Structure formats: structure tokens, C-alpha cells
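Asker: Listed below, chain by chain, are the residues.
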Amino acid sequence: MKSTEIFDQRYKWFMFGRDPEKPESIIDTNQYMIVAGNRALLMDPGGIEVFAPMLGAILHHARVDEITDLFASHQDPDIISSLGLWDQALPHATLHAPWLWEGFLRHFGMNNIQYDAIPDQGSSIDLNGVTIEFIPAHYLHASGNFHVYDPQAKILMSGDVGAALEGDDSPLFVDNFFEHIPKMEMFHQRWMPSNRAKNDWIKRVRELDIEYMAPQHGRIFKGDDVKRFLDWFEELNVGVAISD
Amino acid sequence: MSNAVTTSKDKLVALASIAAELYSVMGVAWGVSLAAKNAKVISVQAGDKGRGFQPITEFIDDISQQAMKGVNEINSAALQLSRIAVNEQRSVNAYHRFASVQRKNSDAQHLKSMAPAMKRVEKTMLASTKEFKRSLQQLSQLLEAMDECMLSARSIASVSRIVTSDSGVFRDKLKVVADELDKAAIYIKDKLSDSYQHLVNVNTSYK
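Residue numbers (the working numbering), protein chains in the order written: chain A, 1 to 244; chain B, 1 to 207.
Rather than coming from a laboratory, the hints here were simulated on the basis of the structure.
Please read these numbers as outputs of a predicted model, since none were measured by experiment.
Every residue, glycine too, gets a C-beta built ideally from N, C-alpha and C.
Treat the hints with care, since some could be wrong.
When the alpha-carbon atoms are kept at most 25 Å apart in a straight line, the in silico BS3-like pairs for lysine-lysine are as follows [to be verified]:
hint, chain 1, residue 1, chain 2, residue 2
1, A, Lys12, B, Lys112
2, A, Lys183, A, Lys2
3, A, Lys2, B, Lys112
4, B, Lys37, B, Lys175
5, B, Lys104, A, Lys22
6, A, Lys154, A, Lys227
7, A, Lys154, A, Lys203
8, B, Lys189, B, Lys175
9, A, Lys183, A, Lys222
10, A, Lys203, A, Lys227
11, B, Lys104, A, Lys2
12, A, Lys203, A, Lys222
Quick list of simulated restraints, FRET-style, between CB atoms [claimed, not checked]:
hint, chain 1, residue 1, chain 2, residue 2, range
13, B, Ala16, A, Ile26, 20 to 30 Å
14, A, Glu133, B, Ala99, 13 to 23 Å
15, B, Pro116, A, His60, 43 to 53 Å
16, A, Thr4, B, Asn72, 56 to 66 Å
17, A, Ile26, B, Leu79, 49 to 59 Å
18, A, Ile26, B, Lys9, 17 to 27 Å
19, B, Leu79, A, Pro23, 27 to 37 Å
20, A, Arg106, B, Asn38, 47 to 57 Å
21, B, Ala115, A, Ile26, 21 to 31 Å
A few chain A residues facing chain B, derived, Cβ under 10 Å [stated by the list, open to error]:
hint, residue
22, Glu24
23, Ile27
24, Gly47
25, Phe51
26, Ala52
27, Pro53
28, Ile58
29, Leu85
30, Ala89
31, Gly109
32, Asn111
Work out the full structure, taking the sequences as your base and the hints as a guide.
Answerer: If you want it as C-alpha cells, here you go:
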């Protein structure tokens, strides 16, 4: 599992992914972690299959007992099916996840970790003086869905929004937005169900100051490519599996 | 790792099989209870000739109630064992994944911080193993008690046949009840024997 530092000031952001040992048949995922002093927030920690390489990669940057917080944008297996294993590794951690999915997520096995149910309008946490916001992204693509915004680092962890389907060895950052479009077009048209939800999210996100938009699959958007993505997404017709 | 998982999987299948074997027993025991109630009515109608059969109908009813209660207890015990086996499998799974992290990341700066998690999961595994053994013993005892109950049922059926020989026109009706009890006892004993075999398999896979 590769780990890359994407922000380093008073605290750090890491991206984990592009695991060369990942079974070929499972989709590649990006995991993110913020380390602020002796507390770390692990975002969309991934499925059971990536648990061991993920924990191994984390141990290069933080102690196990420093992982105090987990975040799940929604309930999908590639996001959080490793929960039962984290539950045995981190008995005192808190999982921040949509209220809507609590009864579902507990099926993965959660006997020790505390569940912090994020209300529909979102919420925020203080991670050793760093304010982290959970921004609503409902129906993008799950009916209860949140993204993570860090106003200080200007990073938006955008879950499945901005995702692209490409090889496991693809670069970490979008280098040519227009060449990147074909890799994400079908994903957004098929996985995102609602134009209304999409436009509501775009309106909310345009008000944020974003330097990096970091999705759960594919590459990170940087600088002007964030605005290019929002413009492109606004024009895109989603929810295309239903024929007229 | 594959051996441990297969063992746990075998355990879960064997325990589910016990519940499946005993599912039909409940219906049979219920049928015997109904037959006992009918026999009570018949023996009352038979008057003096059915008097000898009347206390036997009480025994038959008791046996069927005991069988139903026993099946419920066995099912609860098998379910409890399944839960323990699932928890154990989760711990074994976590243990092997934690061990893989330790093996493959010897150069990680914070590797030592994994030690408490490893210890915890080892402790959980040992506790599950102990709990499983205890519950397995309990389930075995319940199956044995049920088997003895069915032996009694067969004895009662034999006695019933002798008593009914003197009940005149009601003899055939009462004999049917005695035969039904015997048939049910044989059926339940068969199911218990199959369940016991599944339990032996659990025990073997456990060793």
C-alpha cells in the first residue's frame, strides 16, 4: 500500500492506495488520514481485503492507539467492511458516520467502537485544535452520505464524487482534466442517481475554499481542476440507468 | 489461517445441522401431545375399561411436553454455540491479519504499538475457546437427557399396549395412540442420534 503525504503543516494529511498486492478483482480505493498530534482520523478506511496493508501503511505514520476517530462517508463494503477488524484493533475509537446507516454498519461487527451518528445537516469535530467538517452529500451516491472538509488545509475528501475507474498504477493527481473526463464519466452517470442532489451538492461545495478535492477512487483534483470538475459535473446528466 | 477458518466453518455447519435435525422433532412432539389429549377423551368414554389407560395418557402428555421443552433448550444451546463460534472466527481472522501486518511491516516506526491489540485478540480467542468447550458440554448433556426421555417414552408405549388389550371396543383406538408414541420416540431418537453425530463432528473439528 502506497502512502503519500498531501498536506504538512501543523498537522498532516495522508493518502493511502495503489496497493500492488490488492486482489485484482476488487476495486482500487483511496483511504485518507489526518494526524494532528496524538490523534488521527481515518477516512473511508476500506474493505476487509485492504485492512492489513492499510494498517501496515498507517504504522509508518501513527501509533495504533493514536487512531482515535474513523469516518465512513456511507455504508458500502469498499468504504467500511473492515469495521469488524478495526473494532478489534481500536477498542476506544469513535466512528463518525451517517445516522441513517448505524443499524446497517453494525452488521460488520462493532462491539467496542463508539458510533457518532452524523445528523442530516452535517456536523464537525475538533481534532486536537483542527476543525473537521462533515458536509452533506446525500444521494451522492448513498441516500445518507457525507464528505469531509478541512477549511484550514482546504481539502475536501469527496467520497465517490470525482471518482475515476482506471488502473491501479495511475498517478495520484489529475494532470490533464480533459483527458481525465472519460475515466470518470460513466462512473458519475451510473453511480450518481439524482441531478437534483448533484446540483444541491455543487451549490454547497462552490462556497467552500478548496485546494484539493480527494475522491475515494482515482486521482486527486488540485487547484483550478476542482472548479473544472464542478463545472463539468454540473453539466452532466446523472441517473442514466432509467430509460425514458 | 485456512485450517482455522475451515474448522470454524465446519463448526457452524454442524451446529446449524443440529438445529435442522431437531426442527421436525417439534412437530412430532406436538402431534404426540394431541394424540395424548385424544386418548384421554377416549379412555374417559371407555369408562371402566379405559380406566387403566387414563394415567398413561398423562404420562404421554408429559413426555411430549418434555420433548418440546428439550428441543427448545437444545436449539438455544446450539444457537449460543454458533454465536461463540462466529465470535471465535472473527478473533482468529483478526489475529491472522494483525500477524500479517507485523510480519510485513517490520520497518514501520510504530509497529510495537500493535502489541496491545495482538494481546487483546489472543485473549478473546482463548476466552471463546473456553466458552465453546463449556457450552459444547452443556449441549451434549441436553441431548443425552432427551435421549433418556425417549427411552422412557418407548417403555410407556409398551406398557400402553398391554393395558389397552383389556379395553374392549376402544382397544384399537388406544393402541393407535400407543403405536404413535412408539413411532414418535423412535423418530426422535433417530434425530437425536444424527444430532449427536454432528456434535461429535464439532468436537473432532475442534480438536
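Asker: Confirm or reject each hint.
Answerer: Now the hints, each set against the structure:
1. For a cut-off of 25 Å, the pair hint linking Lys12 of chain A to Lys112 of chain B stands: about 22 Å separates their Cα positions.
2. Taking the CA atoms of Lys183 of chain A and Lys2 of chain A, the gap is near 21 Å; set against the 25 Å cutoff, the hint holds.
3. For the hint pairing Lys2 of chain A with Lys112 of chain B, the CA-to-CA distance comes to about 21 Å; that is within 25 Å, so the pair holds.
4. For the suggested pair Lys37 of chain B and Lys175 of chain B, the alpha carbons sit about 14 Å apart, so the restraint of at most 25 Å is met.
5. Of the pairs offered as hints, the one joining Lys104 of chain B and Lys22 of chain A holds, with about 14 Å between alpha carbons and a cut-off of 25 Å not exceeded.
6. With a CA separation close to 13 Å, the supplied pair Lys154 of chain A and Lys227 of chain A stays within the 25 Å bound.
7. A hinted pair counts as satisfied when its Cα atoms are at most 25 Å apart, and Lys154 of chain A with Lys203 of chain A qualifies at roughly 17 Å.
8. As the CA atoms of Lys189 of chain B and Lys175 of chain B are separated by approximately 21 Å, the hinted pair is consistent with the 25 Å bound.
9. Between Lys183 of chain A and Lys222 of chain A, the direct Cα distance comes to roughly 17 Å. Compliance with the 25 Å bound is thereby established for this hinted pair.
10. Straight-line distance between C-alpha atoms of Lys203 of chain A and Lys227 of chain A comes to about 12 Å, which keeps the hinted pair within the 25 Å bound.
11. Of the supplied pair hints, the one linking Lys104 of chain B and Lys2 of chain A holds, its CA atoms being roughly 14 Å apart against a limit of 25 Å.
12. Between Lys203 of chain A and Lys222 of chain A, the direct Cα distance comes to roughly 19 Å. Compliance with the 25 Å bound is thereby established for this hinted pair.
13. Separation of Ala16 of chain B from Ile26 of chain A is about 29 Å and conforms to the stated range, judged on CB atoms against 20 to 30 Å.
14. Distance hint for Glu133 of chain A and Ala99 of chain B: a CB-CB separation of about 37 Å, inconsistent with the stated range 13 to 23 Å.
15. The beta-carbon spacing between Pro116 of chain B and His60 of chain A, approximately 19 Å, falls outside the hinted interval of 43 to 53 Å.
16. The hinted window of 56 to 66 Å between Thr4 of chain A and Asn72 of chain B holds, with their beta carbons roughly 58 Å apart.
17. A hinted range of 49 to 59 Å for the beta carbons of Ile26 of chain A and Leu79 of chain B is inconsistent with their spacing of about 33 Å.
18. Taking 17 to 27 Å as the suggested C-beta distance range, the pair Ile26 of chain A and Lys9 of chain B conforms, at roughly 22 Å.
19. A beta carbon spacing of about 33 Å between Leu79 of chain B and Pro23 of chain A agrees with the range 27 to 37 Å that was offered as a hint.
20. Taking the beta carbon of each, Arg106 of chain A and Asn38 of chain B are about 49 Å apart, inside 47 to 57 Å as hinted.
21. The hinted range of 21 to 31 Å is satisfied by Ala115 of chain B and Ile26 of chain A, whose Cβ atoms lie roughly 30 Å apart.
22. With a least beta-carbon distance of about 19 Å to chain B, the hint placing Glu24 of chain A at the interface is violated under the 10 Å criterion.
23. For Ile27 of chain A, the suggested interface contact is broken, since its CB lies about 20 Å from the closest CB of chain B, more than 10 Å.
24. Taking 10 Å as the C-beta cut-off, the interface hint given for Gly47 of chain A is violated, the closest approach to chain B being about 12 Å.
25. The criterion of a C-beta within 10 Å of any C-beta in chain B is met by Phe51 of chain A, whose closest approach is roughly 6 Å, and the hint holds.
26. Look at Ala52 of chain A: its Cβ gets to within about 5 Å of chain B, closer than 10 Å, so that hint holds up.
27. Restraint check, Pro53 of chain A versus chain B: the minimum CB separation of about 8 Å is within 10 Å; hint holds.
28. Below 10 Å, beta-carbon pairs count as interface contacts, and Ile58 of chain A has one with chain B at about 8 Å; its hint therefore holds.
29. With its C-beta approaching chain B no nearer than about 5 Å, Leu85 of chain A sits inside the 10 Å limit, and its interface hint holds.
30. For Ala89 of chain A, the suggested interface contact is upheld, since its CB lies about 5 Å from the closest CB of chain B, less than 10 Å.
31. This hint holds: Gly109 of chain A has a C-beta 6 Å from the nearest C-beta of chain B, less than the 10 Å allowed.
32. Because the smallest distance between the Cβ of Asn111 of chain A and any Cβ of chain B comes to about 9 Å, under 10 Å, the interface hint for this residue holds.
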